[in-house]
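**Q** Here the structure of chain X is known, so what remains is to put chain U in place on it, guided by the hints.
Protein sequences, first through last, are from chains X and U.
If you count the first sequence from 1, position 207 lands on 693 in the working numbering, and the numbers rise without skipping.
If you count the second sequence from 1, position 90 lands on 98 in the working numbering, and the numbers rise without skipping.
Just so you know, the hints here were simulated from the structure itself, not pulled from any lab data.
Keep in mind that this is a model prediction, so the values were computed, not measured.
Do not take every clue at face value.
[What the hints assert, rightly or not] Computed cross-link-like contacts, DMTMM-like style, restricted to lysine to aspartate or glutamate with a CA-CA straight-line distance of at most 20 Å: (1) Lys769/X / Glu905/X; (2) Lys146/U / Glu905/X; (3) Lys872/X / Glu909/X; (4) Lys872/X / Asp73/U.
[As the list claims (entries may be wrong)] These stretches of chain U come out as covered by chain X in the derived footprint (C-beta under 8 Å, 3 or more residues): (5) 68 to 79; (6) 117 to 125.
For each residue, glycine too, the CB sits at the ideal point set by N, CA and C.
Residue-level listing of the chains:
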Amino acid sequence: MSADAPSAVPRSAPPHGLRSSAALNDLLLRYFKDAVEAGRRGQPVAWVSQGFPVEVLHAMDITPICPIMNGVLRRDTRALDAAEAAGYATDICSEIKNQLGEMLLDDYGFVEIPRPTMVLTSTNYCTAFVKWGQVVEHHFDVPGYCFDLPAPRADHPRAAARYCREQFEGLQRFLEECVGRRCQTGRLIDAFMRSEEANVTWLRVLGYNRHRPAPLNALDIYPHFLPLLIMRGTQGAVRHYRALEREVRERVAEGVATVPGERHRLLWDYLPVYARTRFFTRKFARAQASFVVAPYFLPSEPRIPLRHLQRAVVERLVRYGLTPGLLGWSLRYFARAYLEQNNALPLAARVARLTQLVRDYAVDGFVLHNYRTCRRFCASQYELNKALTAATGVPGVVFDADAFDTRFFSEGQINTRIEAFMETLERQKGVRNYGTAA
Amino acid sequence: MVEAVLEQMRAVAADPAGYLRRRRAEDGLRVVGYFCTYVQEELLHAAGLLPARIFGHTGNTSHADSHISSFACAFVRGCLEAALRGELDHLDAVVFPRSCDMIRALQDVWASAVGQRYYAINMPLVLSAPGARGFLLKELAAFKAWAEKQGGRRISATRLRATLAVYHRQRQLLGELYELRYTGTLDVNSADTYTVVKAGMIMPREEHVRALEQLLAEARPGAVDGDYVPVVLDGNVCTSSVLHALIDRLGGRVVDDNLCVGRRYFADSLAPTNEPPLVILGQRSFRRIPCPCNHAEVRRRSDALLALVRGRNARGVIFLFQRFCHPHYFEYPDLRDRLDREGIPHLVLETGEEKEGLGQAETRLQAFLEMIQ
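In isolation and in its complexed conformation, chain X is listed as follows (with noise of 0.2 Å):
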C-alpha cells in the first residue's frame, strides 16, 4: 500500500501515546515537589483518602496529598511485606495495606511526601479508608476529619444532605483551628467552580469514548484521574483537562483508535490489576477489544451544573460580601454531589448506573475485577455480573485477582476465564451479525 493510499483500517495509537501523559507526570512531580517544599516551610499538608473534598483545601491553602493512590506505581511487595510483619492481616484491603506499609518503611517508592499535619477521610468508599485514617492520625499523631457520607434514603433525602452540610461547615472549622487563619469565602466558591470545571471536562474526555473506534483506554488512563482526587479546585487540575480534552478531540477527528480495527467494546469495573494493567490490555488488544469505559474513574454527572453560575456574578456578589446565601447553596450543592458519587450507591443503584453506561457507550460485554481485599464492593461483584446481564443482555466475566496484591494473581485461572469469555463474545457477535445479515 502506498504511504498516501486511503486507509480501511483507522489508526491506532501507539501505547502510551498521549502527549497529556507525559505533561501529567510533570504535573505531578511538581505538585509533589512543592507539597515537600510546603512541610518543610512548616505549611499545613494533608493526607486524605479517596473522595474528600479537598477543594476545600485548596482554598485554605493546605496541600492534600493522597498516599494510598500514590502506590499505584509500585510494582513490588515491599510495603504490603513490611505491613504485614507489623502484624496487619493479609485479607485486608491491600490498597490500604500497601500505604500503611510505606508509611512503616517511610519509602513512598517513585516521590518524596511530606509528613501530615492532618489526616482526612471520608466514608463515602469504605470503613477502611476510615480505619486508614485512624492508623495514620495514631502513627504521626496528628488531628483527623472523617467525612461522613451516608446514602441518601428517598423517603427523606433532606436529612442526608443536611447531616452531610453541617459537616462541611465543621470540616471548616476544623481546618480553621488546625492552620489558624479563617477559611475565605470567595476563594472557597473560586474552589469550588474549579473543581466543577474539572470534573466536566474530565467527564467530557471520558464521554469521547462513546465514539467508534474508541480513542482512549479506560483501563490506560486511570493516571489522569488523580489530579481530580488531589488536585480538584485547583487552575492546575482544569488545565491539565482541557489540554487533555482537546487532544482526544484531535484523536476522534483522526480517526484514532485505541485497539485497530475494534471489534469489541468492553466496559471493565472497579480498579484496574495495577502491576498487571498490560497484561489485560495487550490481552484484550489481540482479540481487538477495547476498554470504553470503566465507572470507577468516571463521577457522577452533576444534575444542575454548578457552571451555570456566572462568573461575573459570583464576583460582585464576593466583592459587596453578599456571600453567606451563595456558600450556603455552594455547600448543598457540594453536599448533594458528593453524597451521589457512585461509589456510595448500593448495589441496585449502581446497576442500574453500568447498565446505562452499557448503553450510552454501545458496550458488548463487562469485565468484572473482583478485587479480593475490597470488601465494599466487590463481595457483591458476582450478583452483579448477574444483575446486569439480566439487565442488559451484554454477557460478563468475574475474575478473582487483587489491584495491589500480585500474590492473588493467578495468570492461568484469568487466562482462562478471558479466553471463554471472549469465546461468548465472538459467537455472540456472529449470531448477532447473522441475525443483522438476515
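**A** Showing chain U alone in chain X's frame:
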C-alpha cells in the same frame, strides 16, 4: 433452678429458628430479624414485634457462595445461606444497620437474591461528626415509622419509655450476671454465660428478664471454685459457644468480654428519663464502647479493653476474629502493641470456621492457657 433456667436458654440458643417458629405459631408473635447490636431494636419491641438477632446457618454455604465472594466473612455467608435455604422464613422482615462493609454488601445481595422485606438504618459512622446526633434522630424517627407500620400500632412516648425500662432492666441483669460470676457467687460457666446473652437476643425480653431474675436469685457466696485461668475475650460476632466451651474444658474461664454477643449487647444502658425517649435511644449509640466499624478515637477501644483486663484480674486476652473482618484487623496491631507494653499475654483465634474442626484452636488455646496459668 439454675440448671432449669440454663436448660431453657440452651434450647433457645441452640435452635433460634425452631424456637421462633414455635412461638410464632403458638403465640402469634411477629418476628423481625436484625444483624447487629447497633440496631435500635427497642423500636421493634415498642411496636409489638419480637426483635431477634440473626446468627445464620452453620455448615456448608454452597448457596451463598454463588452470590457473594468467598472472602466475605463466615457470619455474612452464614446469614445469606440461611436466608437462601429458607431458614429465616419465620421472620416477617429484617433490619440492616449501616455498619461494616460486609453487612452493607450483604444488604445489596439480600435485595437482589433473597427478596425478603428489609429496612436499612442509616447510622452515622463517625460518632464525633457535627450533626451526627441530629441525623441519627431523624433516622430513628423514620425507623420508628417503619416499625409502627410493621407492628400495626403507634409507638407513643409512654409506650417507648416502657420498652426502654424493660431493656434497661435486662441489660442491668446481664451486667449483674457478669459481676456475680466474677465475684464467684454464681456458678455459670463461660459457655452458658454466652448462651444466656444469646438467648436474650431471641426470647421475648420480658421473659428473658424473668428468667434472669430467677437465675441471679441463686447467687450465694463461695459458689465457684476459683481454680481456673481468668481470661477476657475481645472481638466481633461469635455465633456459637463452641470456643467458650473449649476454654472452660481446658481450665480457663471467660471473666469478661468485649464481644457483640456479650458485653457490647448490654453495656452502657440508659434508664428512661424525662427526656424524649428517641433521644435516649440515640444517646446509647454514642456512649457505647465503639465497634471498630465506627470512626472513633483509636484509644477508646484499647482503653476499654485494658480496663476490662485490669478490672477482672484477667491473665490474658483472647481475640476472636471472624476471618476477613477488616475493621477488627485494622485495630488489632494497636491493641496488640498496648497489651505487649502492659505485659498482658494475648492470642488470636479466627472464628466462623469451627465446622472445619477445633483441633488447631484447641492446641493453641491449651498452650496459651498453660503459659499464663
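**Q** Look at each hint and say if it fits the structure.
**A** We went through each hint and held it up to the structure:
{"no.": "1", "hint": "Lys769/X / Glu905/X", "verdict": "9 Å, holds"}
{"no.": "2", "hint": "Lys146/U / Glu905/X", "verdict": "51 Å, violated"}
{"no.": "3", "hint": "Lys872/X / Glu909/X", "verdict": "19 Å, holds"}
{"no.": "4", "hint": "Lys872/X / Asp73/U", "verdict": "14 Å, holds"}
{"no.": "5", "hint": "68 to 79", "verdict": "holds (count 5)"}
{"no.": "6", "hint": "117 to 125", "verdict": "holds (count 4)"}
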